[in-house]
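Colleague: Chains as they are written, first to last, in our numbering: chain A, 1 to 112; chain B, 1001 to 1113.
Treat the hints with caution; some may be incorrect.
Unchecked claim - With the C-beta cut set under 8 Å, the calculated list includes, among others, these residues of chain B facing chain A:
| # | residue |
| --- | --- |
| 1 | K1053 |
| 2 | L1054 |
| 3 | I1056 |
| 4 | P1061 |
What the hints assert, rightly or not - Here are the computed distance ranges between Cβ atoms for each label pair:
| # | chain 1 | residue 1 | chain 2 | residue 2 | range |
| --- | --- | --- | --- | --- | --- |
| 5 | A | S53 | B | K1038 | 30 to 36 Å |
| 6 | B | K1040 | A | P81 | 37 to 43 Å |
| 7 | B | P1069 | A | D78 | 43 to 49 Å |
| 8 | A | D66 | B | K1040 | 23 to 29 Å |
| 9 | B | S1055 | A | P14 | 43 to 49 Å |
| 10 | A | E15 | B | E1052 | 31 to 37 Å |
| 11 | B | G1014 | A | K99 | 31 to 37 Å |
| 12 | B | M1015 | A | E57 | 45 to 51 Å |
| 13 | B | E1044 | A | S12 | 23 to 29 Å |
| 14 | A | L112 | B | N1057 | 45 to 51 Å |
| 15 | B | K1009 | A | N55 | 26 to 32 Å |
| 16 | B | E1052 | A | S52 | 26 to 32 Å |
| 17 | B | P1083 | A | E57 | 43 to 49 Å |
| 18 | A | P14 | B | L1113 | 38 to 44 Å |
Keep in mind the hints are simulated off the structure, nothing from the lab. Where a beta carbon is used, it is the ideal one built from N, C-alpha and C, also for glycine.
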Amino acid sequence: QKEVEQDPGPLSVPEGAIVSLNCTYSNSAFQYFMWYRQYSRKGPELLMYTYSSGNKEDGRFTAQVDKSSKYISLFIRDSQPSDSATYLCASGDTGTASKLTFGTGTRLQVTL
Amino acid sequence: DTEVTQTPKHLVMGMTNKKSLKCEQHMGHRAMYWYKQKAKKPPELMFVYSYEKLSINESVPSRFSPECPNSSLLNLHLHALQPEDSALYLCASSQGGITDTQYFGPGTRLTVL
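Full structure from sequences and hints, please.
Modeller: The structure is reproduced here in C-alpha cells:
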C-alpha cells in the first residue's frame, strides 16, 4: 500500500463548477500537508499548506485535513480553464525532516 | 520572492557525456533538494542538502553526483547516464525546519540518447 493514495483521474468539469480533489494517507505520523499544482512540463507550484487537522482557505481554494480518517481534500470554487493541471498532494512527518511523500497526482481538465 | 531558478531548461546528452544541472535560490533557504520526475508520476526525492551538507541520499546511482557550493547554489553532476535517466529534474528549497514548505523550480528536461 502506498503511503499517500490519490485518484489519477482525469477529472473533467465544466467552467464554474466546484472541484473536489482528495487524498488518503496511511502514516499516522504525518503532521503537515500540502497541495501543489503542476502544469504540463513545469515544476510543481505550492498552492496550500496545512499543519495538522483543520481547514485553510485562500481565495477560491480551500484545503481540509481530517486526521481521524486520514483524509486530505482540496476544493476549488468557480473553476476556470486555467485551473487545468495536475494536482499533487504531499505529506510529511516531523520525524523525517524535509522528506515529503507525494500522491500520484490528479489530472484536472476544466472545460468551457 | 519565492523563486527557484534552474538551468538549463532542456538538455540532451549522450551516454558518454558529462554535464551539470544548476539550481539557485536567493530566499535564504538552508535546505535544497533534487527530485526526478518521470511523465505522469510524482516527483521522487534524490538528494537533500541541509546547511550545505548532504543529509539524505535516496540510494541514487553514483552516475548522479550532487554538490552544494554554498547556501544558494545546488548542482547535479551527470556522467555516463542511461536512456532511462531521461526525466524532468526538479530542484526545490525550503527554510530548513522540519515542517517547512518546499518551493520548486521549473525543472530541467533531460533527454539521454
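Colleague: Go through the hint on B/P1061 and say holds or violated, using the shortest Cβ distance to chain A against 8 Å.
Modeller: violated (20 Å)
Colleague: Return holds or violated for the Cβ distance of B/P1069 and A/D78 against the range 43 to 49 Å.
Modeller: Given about 45 Å between the Cβ atoms, the range holds.
Colleague: Is 31 to 37 Å right for how far apart the beta carbons of B/G1014 and A/K99 are?
Modeller: holds (33 Å)
Colleague: State, for the Cβ atoms of B/K1040 and A/P81, whether the hinted interval 37 to 43 Å holds or is violated.
Modeller: Taking Cβ atoms as reference, B/K1040 and A/P81 lie about 21 Å apart, which means the hint is violated.
Colleague: Under 8 Å is the threshold here; is the Cβ of B/I1056 close enough to any Cβ of chain A for the hint to stand?
Modeller: holds (7 Å)
Colleague: Lying within 45 to 51 Å: is that true of the beta-carbon distance A/L112 to B/N1057?
Modeller: For B/N1057 against A/L112, whose Cβ atoms are near 46 Å apart, the range 45 to 51 Å holds.
Colleague: Given a cut of 8 Å on the nearest C-beta pair, is the interface hint for B/L1054 held or broken against chain A?
Modeller: Violated - the Cβ of B/L1054 stays beyond 8 Å from chain A, reaching only about 12 Å at its closest.
Colleague: Has the hinted range 31 to 37 Å been met by the Cβ atoms of A/E15 and B/E1052?
Modeller: violated (47 Å)
Colleague: At the C-beta level, are A/S53 and B/K1038 separated by a distance inside 30 to 36 Å?
Modeller: holds (33 Å)
Colleague: Range hint 43 to 49 Å: satisfied by the CB atoms of B/S1055 and A/P14?
Modeller: Once the Cβ atoms are compared, 46 Å apart, the range 43 to 49 Å for A/P14 and B/S1055 holds.
Colleague: Assuming the hint says 23 to 29 Å, is it satisfied by the Cβ distance from B/E1044 to A/S12 or not?
Modeller: With a Cβ separation near 28 Å, B/E1044 and A/S12 satisfy 23 to 29 Å, so the hint holds.
Colleague: Given the range 38 to 44 Å, decide if the beta-carbon distance of A/P14 to B/L1113 lies inside it.
Modeller: holds (43 Å)
Consistency note: the structure conflicts with the earlier hints numbered 1, 2, 4, 6, 10 and 15.
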